[in-house]
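Chemist: One-letter residues, chain by chain:
There are 2 protein chains.
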Amino acid sequence: MPGNPLVRDRDVEFLLYEVFDVAALCRLPAFAEHSRETFDLVLQTARKFAREVLYPTYKAMDEAPARMVGAGIQVHPRLKELFPKLVEQGGLTMTRPHAVGGQQLPHAVAAAVTLYGMAANLSAVGYLGLTTGAAHLIEAFGSDALKAEMMTPMYAGEWTGTMALTEPHAGSSLTDVRTRATPTTGGHYRVRGNKVFISGGDQDITENIVHLTLARIDGAPPGIHGVSLFAIPKLRREGGALVPNDVHCGGAFHKMGWRGIASIALNFGENDDCHGWLVGEPHRGIAHMFQMMNEARLMVGMQGIATASVAYHEALAYARTRPQGRPLGSRDPSTPQVPIVEHADVRRMLLRQKAIVEGALSLGIQTARWADLAAHAETPEERRHAFLLLDMMTPVVKSFAAERGFEANALAVQVHGGYGYTSEYLPEAWLRDQKLNTIHEGTTCMHSMDLLGRKVVADRGGALRLLGEEIAGTVVRARAAGLGAELVEPVERAASTVAEVTMALAALGLAGKVDEMMRHSVDYLDLFSTAVVAWQWLLQAAVAREKLAAGATDDAAAFYEGKVCAAEYWIKTELPRIDHLAHLCRTGEDSYARVRPEWL
Amino acid sequence: MPGNPLVRDRDVEFLLYEVFDVAALCRLPAFAEHSRETFDLVLQTARKFAREVLYPTYKAMDEAPARMVGAGIQVHPRLKELFPKLVEQGGLTMTRPHAVGGQQLPHAVAAAVTLYGMAANLSAVGYLGLTTGAAHLIEAFGSDALKAEMMTPMYAGEWTGTMALTEPHAGSSLTDVRTRATPTTGGHYRVRGNKVFISGGDQDITENIVHLTLARIDGAPPGIHGVSLFAIPKLRREGGALVPNDVHCGGAFHKMGWRGIASIALNFGENDDCHGWLVGEPHRGIAHMFQMMNEARLMVGMQGIATASVAYHEALAYARTRPQGRPLGSRDPSTPQVPIVEHADVRRMLLRQKAIVEGALSLGIQTARWADLAAHAETPEERRHAFLLLDMMTPVVKSFAAERGFEANALAVQVHGGYGYTSEYLPEAWLRDQKLNTIHEGTTCMHSMDLLGRKVVADRGGALRLLGEEIAGTVVRARAAGLGAELVEPVERAASTVAEVTMALAALGLAGKVDEMMRHSVDYLDLFSTAVVAWQWLLQAAVAREKLAAGATDDAAAFYEGKVCAAEYWIKTELPRIDHLAHLCRTGEDSYARVRPEWL
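Residue numbers (my numbering), protein chains in the order written: chain G, 1 to 600; chain L, 1 to 600.
Heads up, some of the hints might be wrong.
Identical chains share a label here; the pair holds if one copy fits it or two copies do between them.
As the list claims (entries may be wrong) - In silico EDC-like links for lysine to aspartate or glutamate, alpha-carbon gap of 20 Å or less: (1) Lys59 / Glu424; (2) Lys85 / Glu500; (3) Lys147 / Glu238; (4) Lys48 / Glu378; (5) Lys547 / Glu598.
If you're looking for bench data, these hints aren't it; they were derived computationally from the structure.
Can you make the complete structure from the sequences, with help from the hints?
Modeler: Dropping the structure here:
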């Protein structure tokens, strides 16, 4: 039996080239040096490395987590070999511009590339995304000196980076950041404070780590508008040497998954000798940090998809080869048992996983493409439109992949039956990994409030109108491709439902009834996500139908038929749920709003 | 802060005495020696022991699992102290008759009693249920000699028991059992075969273990009607001494949860010297085993409820005490942060957990009460009615608690945010424990086929008619209690929906369209479960409203208001889902029936 493919190559090819035509991005000046050939080369390198090198190390890292030894974190020894190879393959600078040594690849392609590594070994590649995100903050907002001192070694993979936001007393409430930064005459600040849940906050892979940290400059205004962004290295340069910067690992959290990368408590300035360098403008730290947070959110979305994908492929291979039981009504024990994929409910569980994984991936690549257009499209209007769509879809990609990915991962365990519950098989490990994705980089609730409270009402609903146009375009294409009304019309109606519910809720907000507007924000996010994934499935089915009509070979036909079938599954079994969700949002059903803490 | 209550005492009291009036069971001859006082005494002992002794050992057992050492399993050392104490408290014989040394407690009471132990330390008490179930098989079907030899030491807690059904090549397909039993002239059989996933299959707590094992007597007909039941001890008696019986531990599975009890591969007769004793009639093994399987299924249901309950109470305490963020629209950073229970979405997550936990517990106790009436009600008709309801509801209690319990456990992790993902807090461990419950003792799919293919169509729909009458009775009571139409009518409609969908599907079955009938069996189970839990919530709300009308003190009022509120939540937000499920069942939506393995 061939190994787990992690991600289906044919699906990546379909999405990149047949659905989203990312080769056309090469017509933009930013990507002029690229072509489908260069994209394929990067993809090929990544998938080969993921399958042959990263994936075989996953179980060992899950079983022997990164842990605190003495004053610091010791990672799995294999990581020290893997990280330089990942760097060598351009893992840190794929999307960064040539000016900083990057390959300037479109995000749409990079998303697919990174997916393989994430599916193979989530925490091993976790160091890459954090380092790139942190270096990119310095690239965007840092001084030239800071770029030379910190960004350059980070992009080179000599140092890594982290994002240090959360504090123990406040969790997600960044308004309440207490870490303090006192100006000095040396150009740096003296920082004191405590952070928690810092992924990659310590490691023994590279000599140094730069923590992009939120802190409050002495005398800053209270609240969110008094928070600034600092780069705080573990070791600082003094007289040409790197010396300790009074940054301490306060202990590692023992996590249920993501075991290859430690999440730690980080203490700055225990001896009042921690130097931090301001990145960007004072008190604008949250605004700056949002660049990294938004990148990280899309990254978490891809992590969710990757984790569900590898488990789906494992379950599929198992179901195709594991004989057990017989078809309904044929209980003759002298006939051989059939592979469990023959049982309707096993196919249901597999088709549901497929619908979640490939639906989310389609949305993920669609969104990454908007990121490319937001930065590099030809006209300011195109860039603005793409930015609005990107910004709106970011919480959706993140949360859908995390929430539904968890469901898909649970189904992969279930398909494996009793074996799925054991660590002799991998699905249970991926289920544990996936759970983090509904929590880190903003919980599902926070993303629902971001979507409803900011994104869909921004620009007087501009993003939502653009989305409506996109969906309308797909509807036209789907009809032309010959997809039936039973697939097209529900998606058309869903777009109207999203628009109507949004307007009704926005009206509540305008009337000052913010609690009522936001009460069902998680249901709204569910509604919105289910609808846009249905749109993505209609799009995929339309392209598949076009290809089938153009005459596909048998193998290709099976792939396209699978796409149409998964679209039918999602549109007919899942999409109808939105009517009830819309009802809850519209009526503002208030049981949990009314429930008092003492009633629970 | 007081410790985790595991289960809310007030809720147990409410269900036992105010909703289901289990004290009235004492009017039946079987329970004549009992009274509310004896019930309360047993409950009080169990909850005190669970909170003070069992619960504090849970984390240690999760962290240091039972494991194979040499040829056998070594359990956590604390278990060797705990097990005799659990036995001493009557943990093995609560529901067994006086004739075999039992306390002859109603199942309805015993269910609540065992719930505390399960919530405190699931795998520690797992040995009890297995031992009782195995001994009860011998009690019901074994010879007097076998009872004296094996049942007696099992009920005394000197030996333990297991159920040995699954074989590696066949999983749940018991038709394909291959373990062989050859008659001898010594009254025993010589057994050879391999079993997997035997919970408690080995341990070093007691000197002996009796495996209630499915095997095929030489020359038996093929298939399910050629399978017999055997008692196979680890050590057999020879000349007054216990000697090895050629039963070998073939290795322990490493499980994601349930770490205190090993699940092992068991090899019988590697040296052709394994003696087994027939229990009951030849070839009737499956029918006999169903006694234990049905008991085990209800037990798994209670385990699912218990695991969700302890996590709910942990999340509730955390939410009441953890300050983070501020109410919507009041971002003033100089005001103190509020406990997260003040955030609407946290209350949603908690109310959902409450609705699942207390809704399932109500159904569980209702069902246990039917078990009591099925065995001990005064008239044959009452017993038959109760049996039909018990038999129908068994797969529902098991699957609902497992599936929705898993969702509730995931929410308990989510309420804890980043901390929930760490093993410094317990919710992640309970989430891992809970996942097994959708798999063992029959997967959710198997229970859906049992419900739809057997239970609701049995006796020409007799059980379903009785259920309809029960629900109609509750509807009358709810109206009389003053509950509004918005709560009562949806439950009334749901009962009709269940009946109509069942008839439509049964008609398909009668027409020979079994695949179509069964295609959406899991959706049918979901529909059925959601509806009957809505019924249980209406019942609880009706009783609560009666108590409120009668004038409750403030504390009591908060409890009853919580019941009404949770009923509203379930009926308004969850119950409406059944319309779509009914549509899927009725129309036979066929995407996953049509999907071919190569399309996936």
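Chemist: Give a verdict on every hint.
Modeler: Hint by hint, here is what the structure shows:
{"no.": "1", "hint": "Lys59 / Glu424", "in the structure": "within (10 Å within a copy, 23 Å between copies)"}
{"no.": "2", "hint": "Lys85 / Glu500", "in the structure": "neither (50 Å within a copy, 62 Å between copies)"}
{"no.": "3", "hint": "Lys147 / Glu238", "in the structure": "within (17 Å within a copy, 82 Å between copies)"}
{"no.": "4", "hint": "Lys48 / Glu378", "in the structure": "neither (35 Å within a copy, 72 Å between copies)"}
{"no.": "5", "hint": "Lys547 / Glu598", "in the structure": "between (59 Å within a copy, 18 Å between copies)"}
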